[in-house]
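First to last, the protein sequences are chains A and B.
In terms of our numbering, the first sequence is residues 1 to 338.
In terms of our numbering, the second sequence is residues 1 to 338.
Among the hints, erroneous ones may be present.
A pair holds if it fits inside one copy or across any two, identical chains being indistinguishable in the list.
[Unchecked claim] No more than 30 Å apart at the CA atoms, straight line, and that leaves these computed lysine-lysine pairs for DSSO-like: (1) K238 x K254; (2) K15 x K177; (3) K254 x K294; (4) K222 x K74; (5) K219 x K74; (6) K260 x K31; (7) K54 x K177.
By construction, these hints were calculated from the structure, which means they are not laboratory data.
Number of protein chains: 2
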Amino acid sequence: MERKRGQQTVFFKNKPIIIGHYSLVGPKEGKGPLRDYFSKIEEDDLFGQKTYEKAERTMIEQSLRGAVENAGIKFGDVRLFLSGDLLNQIISSSYAARSFDIPYVGVFGACSTMAESLALGACLVDGGHFDTVACATSSHFSTAERQFRFPLELGNQRPPTSQWTVTGSGSTILSCKGHGPRITCATFGKVTDYGINDVNNMGAAMAPAAMNTLIAHFKDTKTKPEDYDLILSGDLGKLGSEILIDLMEDHGYKLGLNYKDCGQMIFKRNQNVLMGGSGCGCSATVLNSIILDKIIKGEYKKVLFMATGALLSTTSSQQGESIPGIAHAIVIEGEDNE
Amino acid sequence: MERKRGQQTVFFKNKPIIIGHYSLVGPKEGKGPLRDYFSKIEEDDLFGQKTYEKAERTMIEQSLRGAVENAGIKFGDVRLFLSGDLLNQIISSSYAARSFDIPYVGVFGACSTMAESLALGACLVDGGHFDTVACATSSHFSTAERQFRFPLELGNQRPPTSQWTVTGSGSTILSCKGHGPRITCATFGKVTDYGINDVNNMGAAMAPAAMNTLIAHFKDTKTKPEDYDLILSGDLGKLGSEILIDLMEDHGYKLGLNYKDCGQMIFKRNQNVLMGGSGCGCSATVLNSIILDKIIKGEYKKVLFMATGALLSTTSSQQGESIPGIAHAIVIEGEDNE
Numbered sequence: 001m002e003r004k005r006g007q008q009t010v011f012f013k014n015k016p017i018i019i020g021h022y023s024l025v026g027p028k029e030g031k032g033p034l035r036d037y038f039s040k041i042e043e044d045d046l047f048g049q050k051t052y053e054k055a056e057r058t059m060i061e062q063s064l065r066g067a068v069e070n071a072g073i074k075f076g077d078v079r080l081f082l083s084g085d086l087l088n089q090i091i092s093s094s095y096a097a098r099s100f101d102i103p104y105v106g107v108f109g110a111c112s113t114m115a116e117s118l119a120l121g122a123c124l125v126d127g128g129h130f131d132t133v134a135c136a137t138s139s140h141f142s143t144a145e146r147q148f149r150f151p152l153e154l155g156n157q158r159p160p161t162s163q164w165t166v167t168g169s170g171s172t173i174l175s176c177k178g179h180g181p182r183i184t185c186a187t188f189g190k191v192t193d194y195g196i197n198d199v200n201n202m203g204a205a206m207a208p209a210a211m212n213t214l215i216a217h218f219k220d221t222k223t224k225p226e227d228y229d230l231i232l233s234g235d236l237g238k239l240g241s242e243i244l245i246d247l248m249e250d251h252g253y254k255l256g257l258n259y260k261d262c263g264q265m266i267f268k269r270n271q272n273v274l275m276g277g278s279g280c281g282c283s284a285t286v287l288n289s290i291i292l293d294k295i296i297k298g299e300y301k302k303v304l305f306m307a308t309g310a311l312l313s314t315t316s317s318q319q320g321e322s323i324p325g326i327a328h329a330i331v332i333e334g335e336d337n338e
Numbered sequence: 001m002e003r004k005r006g007q008q009t010v011f012f013k014n015k016p017i018i019i020g021h022y023s024l025v026g027p028k029e030g031k032g033p034l035r036d037y038f039s040k041i042e043e044d045d046l047f048g049q050k051t052y053e054k055a056e057r058t059m060i061e062q063s064l065r066g067a068v069e070n071a072g073i074k075f076g077d078v079r080l081f082l083s084g085d086l087l088n089q090i091i092s093s094s095y096a097a098r099s100f101d102i103p104y105v106g107v108f109g110a111c112s113t114m115a116e117s118l119a120l121g122a123c124l125v126d127g128g129h130f131d132t133v134a135c136a137t138s139s140h141f142s143t144a145e146r147q148f149r150f151p152l153e154l155g156n157q158r159p160p161t162s163q164w165t166v167t168g169s170g171s172t173i174l175s176c177k178g179h180g181p182r183i184t185c186a187t188f189g190k191v192t193d194y195g196i197n198d199v200n201n202m203g204a205a206m207a208p209a210a211m212n213t214l215i216a217h218f219k220d221t222k223t224k225p226e227d228y229d230l231i232l233s234g235d236l237g238k239l240g241s242e243i244l245i246d247l248m249e250d251h252g253y254k255l256g257l258n259y260k261d262c263g264q265m266i267f268k269r270n271q272n273v274l275m276g277g278s279g280c281g282c283s284a285t286v287l288n289s290i291i292l293d294k295i296i297k298g299e300y301k302k303v304l305f306m307a308t309g310a311l312l313s314t315t316s317s318q319q320g321e322s323i324p325g326i327a328h329a330i331v332i333e334g335e336d337n338e
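Next comes chain A alone, as it looks inside the complex:
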């Protein structure tokens, strides 16, 4: 049977079901506006470990185990673990996978990783290759800062366009059976580069990729922004979101009040985060808390979740390269939305 497809969008026949989700965050996120929605807030940002890197993999372990429990299944029912993160060679994910007895596929899309792993995982469940898969990602402020920027001990000033890496991990369990919201389609993004080379302005670097993926999605699905209860970007932050709104308007699409950005939702204005939250854990924890909760409660019927990633490394920046971005998107619909 021929599957319905767009240029970049895959439509799911079997509509994978989100049967479990979990969000784990650090102390700063736990003081933010979403504190009542997270599955768990940990006051110790070392999560009981000796290093921040070991803390980050502990976060993935805890969030995946939490999601499995939330799904009401046994750990052994999960047949594949898809995960990635910002650390070199995605060690948070790989070392977390070491503690699970599950086949593992490492993915990398920088801060788009939650959407990438969900889009891929949904294909694998839809295609009947795996009954149940787990999708996860994480980020940690202190591991990201010391890998990508400066040692925290230096106390560097942060430029006004910078964002604050979220300490958090989100996990989602997808299955071919059970109850919960459904992933109905996925739009895979292309790498887009408008020549931004300011590593402290990720929002501007990622906004063009977000625009490309949104336009591809609307064309492929023959929908308009107003067809969604919520259009959610990952971590464009205040500046990046404004750029996206402008870019979309240039192309005839008006993003209205139903457009939100996880990076602007996760912290309060007085939390000294400048343009807002960022990191793989930003969209992962927002999706796996307030958003899925509200879809399950019926407050949102149809959500377009798009996470964006900046595909740079310290080496590429040192060699004078600009910052390419990518964005992947999925549509999540409430169980009763037919």
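Dock chain B against the given chain A, drawing on the hints supplied.
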């Protein structure tokens, strides 16, 4: 319809077809025993670029374009590009993807990446999500050395268990239509760690993962080693291969003369490579040259291709962690093998 499945193995109903392949290597590999099989040997290991990192992404660009040409399709016919590499934040793949107008999914499995991208790509083609996908990976001796070990200018001695990172990129085009060898099943591996922490002994770190995946594969498919014309590991090297043979024998499986390792095939003994070749590009270029050529010619009817990866980073090593390994495997059968 219920799909046939094993614990870790996915069987393909539509058996994705390898319609094109390409291998591009550097000068040292071009002097090795497989020199007559590679699609292209480049004498300049900078590939015309200013830095080795830019060289590596150029290699992926060239190898993918070569594979598309080899497939006899238009570049626009490729609907998804799956790629990853050893560099931090897989910049070789992401920056190469910037030059293609194709949706991109970044993957990471260290030196198992060719098998990972082919296994995932085969699922996506088999499931009908994409008609045609491209799978690629690369490695470069000089980018790997300076990222993972020491500046080349130091002229460090290499311990006897070390391997030599292959400078090369391989690309494979999978499609639901056309002619060529078929991928009939894929076994997804689990992260395995036997506590090896010598970063100059990757073969020993990866062999236990290879064993786990091979045993899972034989059990899931109800086959034995002698059922394959060739069982090919990625880059275990001389020591790692010997460990794998021993480990398999302990579990009642005898790997015979039909077992080979790409790391031992790609260089001559007098090329000063100690235990042999390594890096994502090792298995990628061997598979996409002599192996696929021989399958197409009918010399091999059924090949089990398994690439292994060591999932460490410099940070994990500095923090005293052991080295987890992973191995993914696919079965490739000749077009006329029914």
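Hints and how they fare:
For a Cα distance limit of 30 Å, the shortest separation of K238 from K254 inside one copy, 17 Å, qualifies, whereas the shortest one across copies, 61 Å, does not. In the homo-oligomer, the alpha carbons of K15 and K177 lie at most 30 Å apart both inside one protomer (10 Å) and across protomers (25 Å), since each shortest distance falls under that limit. In this assembly of identical chains, the alpha carbons of K254 and K294 lie at most 30 Å apart only when taken from the same copy (24 Å versus 55 Å across copies). Taking the shortest alpha-carbon separations for K222 and K74, only the inter-copy value of 27 Å comes in at or below 30 Å, while the best intra-copy value is 39 Å.
Taking the closest pair of Cα atoms, K219 and K74 come within 30 Å of each other only across two copies (23 Å); inside a single copy the shortest separation is 40 Å, beyond that limit. With identical chains, the CA atoms of K260 and K31 are at most 30 Å apart within one copy only, with a shortest distance of 20 Å there and 56 Å across copies. Within a single copy, K54 and K177 get their C-alpha atoms no closer than 34 Å, and across copies no closer than 46 Å, so neither meets the 30 Å cut-off.
Taken one by one, the earlier hints fail for this structure only at number 7.
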